[in-house]
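Chains as they are written, first to last, in the working numbering: chain R, 1 to 110; chain E, 1 to 135.
Derived from the structure by calculation, the hints contain no laboratory data. For every residue, glycine included, the Cβ atom is placed at its ideal position computed from N, Cα and C. Incorrect hints may appear among the rest.
[Claimed, not checked] Chain R residues, not near chain E, derived (Cβ > 10 Å throughout):
id: 1; residue: L13
id: 2; residue: L15
id: 3; residue: V18
id: 4; residue: K24
id: 5; residue: R38
id: 6; residue: T46
id: 7; residue: G56
id: 8; residue: L99
[Unchecked claim] Distance windows between CB atoms, simulated:
id: 9; chain 1: E; residue 1: K6; chain 2: R; residue 2: F36; range: 22 to 30 Å
id: 10; chain 1: R; residue 1: P91; chain 2: E; residue 2: L52; range: 42 to 50 Å
id: 11; chain 1: R; residue 1: M1; chain 2: E; residue 2: L8; range: 39 to 47 Å
id: 12; chain 1: E; residue 1: E7; chain 2: R; residue 2: F36; range: 22 to 30 Å
id: 13; chain 1: E; residue 1: F14; chain 2: R; residue 2: T90; range: 21 to 29 Å
id: 14; chain 1: R; residue 1: R92; chain 2: E; residue 2: P38; range: 44 to 52 Å
id: 15; chain 1: R; residue 1: I79; chain 2: E; residue 2: L62; range: 27 to 35 Å
id: 16; chain 1: R; residue 1: P3; chain 2: E; residue 2: I119; range: 45 to 53 Å
[Said to hold, decoys possible] So, partial list: chain R residues that the calculated Cβ filter (under 8 Å) puts toward chain E:
id: 17; residue: A19
id: 18; residue: Q20
id: 19; residue: R32
id: 20; residue: F52
id: 21; residue: L55
id: 22; residue: V74
id: 23; residue: E87
id: 24; residue: L89
id: 25; residue: R92
id: 26; residue: L95
id: 27; residue: G96
id: 28; residue: I100
id: 29; residue: V104
Take a look at the letters that make up each chain.
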Amino acid sequence: MTPFSALLIFVALVLFVVAQLFLKHAMESDLRNPRFTRFFGAGLATMTASFFITLGLLQDFDLSYLYPFQGLSVVIISILAAIILREKLTPRLFLGAALISGGVVLVSLS
Amino acid sequence: MIQKAKELLLNPWFQLALSVLFVTTSEVFLKRGAVEAPRLPEQVNWTGVSGLASLNVWYGILFVIASFVSWLYVLRFIPLTIAFPLSNFVHVLIPLASWFCLDEIISTQRWCGIALVLIGVLIVAKPVARMEEKL
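Only chain E is shown next, with the shape it has when bound in the complex (with noise of 0.2 Å):
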């Protein structure tokens, strides 16, 4: 059991769809944190550095180091040009976890830009699934 937890956690496709998970929540937080900051005036206000008040930007800074880590043992196995369009997974999701968390609405015209984002991530996903089921 255990083994199989450590050959999971080990594997790069796995750590691929953990740091995904992990961009979508952290994107979460940081929308609400960064509502929640008190506004600097507009000189510096553009610098962000005011969402650090918020324990919510905190929560999604925390995350953040999460994919981070999990996407640079990504780096390590995956090429570029294969993980990076994969990655793009997160188009769809952080739209879903917009609508579904924090009330935004998505437009029809969104929902097509997705299902197109949605199309691309499986056609550079199918030639890397028949190459996993060969191995």
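Just chain R, same shape as in the assembly (with noise of 0.2 Å):
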């Protein structure tokens, strides 16, 4: 894997990090909402982002080898919407959100 093809990966997992959280804030928010149409769109773009460059990743990688790297976004996801969006997150949830993302760093470096 070449430096540029892990900014790649990285940058990919940011925008599909914060595509979620702005998608979460849209559809708590009435539809008729403003906000709705703000967070919506924001999520909608962030998301078609991180999607093409997966796709342009998937030339490269195998698609079982790749697709895991975001799996790394479970605890990092888990983490900002206790912050952010103050969902409740317990032990248990943080020992399940920690043992995938663990699951899925195994599976990369295979």
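Put the complex together from the two separate chains, hints included.
Okay, structure coming up:
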């Protein structure tokens, strides 16, 4: 993996995480509220950018190797949802999220 | 019968399962499409837009849209701290689909990682299942 590929994987991951937070914000709003349009648009744009970068990466890497990198987003999203969206993050949920991320890293290293 | 189907479709947990299945299917189509797509010069190839020349990529995009719609419905009803870890069941299904449909080789270490993901998903899912039983 070249440094540029690693950077693209990182950018795709960040865009994916940000998109999830935008979309959750949007879906908690009334659909006619301008807040919904704003957050939904931002979520859609970041999700689309992440999608095309991932598609480009798929030309060079195995699907089963590349996709699990996004698994790192589990812990990141769980923490950010607790901080930004003020959702309840129990130790059990965090343990589950950490194991998922650990599993994903193991898959990625193989 | 129609009422039961409607209730099932409106169930956010069912939509979560659908979303996971749609993501897995889309990834298989996208990988097939990305491989058969023409390669552009190195400077622009990373954008992935050449993939749009493949029909498989378009099938993949349809499944991406379907999973996205299901996921939006899930987001409306289930907290992100629960829904997102559960949606990671795709990390179990996608390697299995890659092995089954794309003939990709899965090493022992990769199988161990998949097992760890599965345990994590079960840990998150267990209290949710109990909560649902009580309801």
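These are the hints, each one checked on the structure:
1. L13: 13 Å, holds
2. L15: About 13 Å separates R/L15 from the closest Cβ of chain E, which puts it past 10 Å; holds.
3. V18: Since the minimum Cβ distance to chain E is about 13 Å, R/V18 lies beyond 10 Å and the statement holds.
4. K24: 5 Å, violated
5. R38: 16 Å, holds
6. T46: The claim stands: R/T46 keeps its Cβ more than 10 Å from every Cβ of chain E (closest is about 13 Å).
7. G56: 3 Å, violated
8. L99: Violated, since 3 Å does not exceed 10 Å.
9. E/K6 - R/F36: 22 to 30 Å: 25 Å, holds
10. R/P91 - E/L52: 42 to 50 Å: The hint (42 to 50 Å, Cβ to Cβ) holds, given that R/P91 and E/L52 are roughly 45 Å apart.
11. R/M1 - E/L8: 39 to 47 Å: 43 Å, holds
12. E/E7 - R/F36: 22 to 30 Å: 26 Å, holds
13. E/F14 - R/T90: 21 to 29 Å: 24 Å, holds
14. R/R92 - E/P38: 44 to 52 Å: Given range 44 to 52 Å: holds, Cβ gap about 48 Å.
15. R/I79 - E/L62: 27 to 35 Å: 33 Å, holds
16. R/P3 - E/I119: 45 to 53 Å: Since R/P3 and E/I119 have Cβ atoms about 33 Å apart, the given range 45 to 53 Å is violated.
17. A19: 10 Å, violated
18. Q20: 7 Å, holds
19. R32: 15 Å, violated
20. F52: 5 Å, holds
21. L55: Constraint on R/L55 satisfied, holds at 3 Å.
22. V74: 5 Å, holds
23. E87: 5 Å, holds
24. L89: With a closest approach of 5 Å, the R/L89 hint holds.
25. R92: 6 Å, holds
26. L95: This hint holds: R/L95 lies near chain E, its Cβ roughly 6 Å from the closest one there, short of 8 Å.
27. G96: 4 Å, holds
28. I100: 4 Å, holds
29. V104: Result: holds, 6 Å to nearest chain E Cβ.
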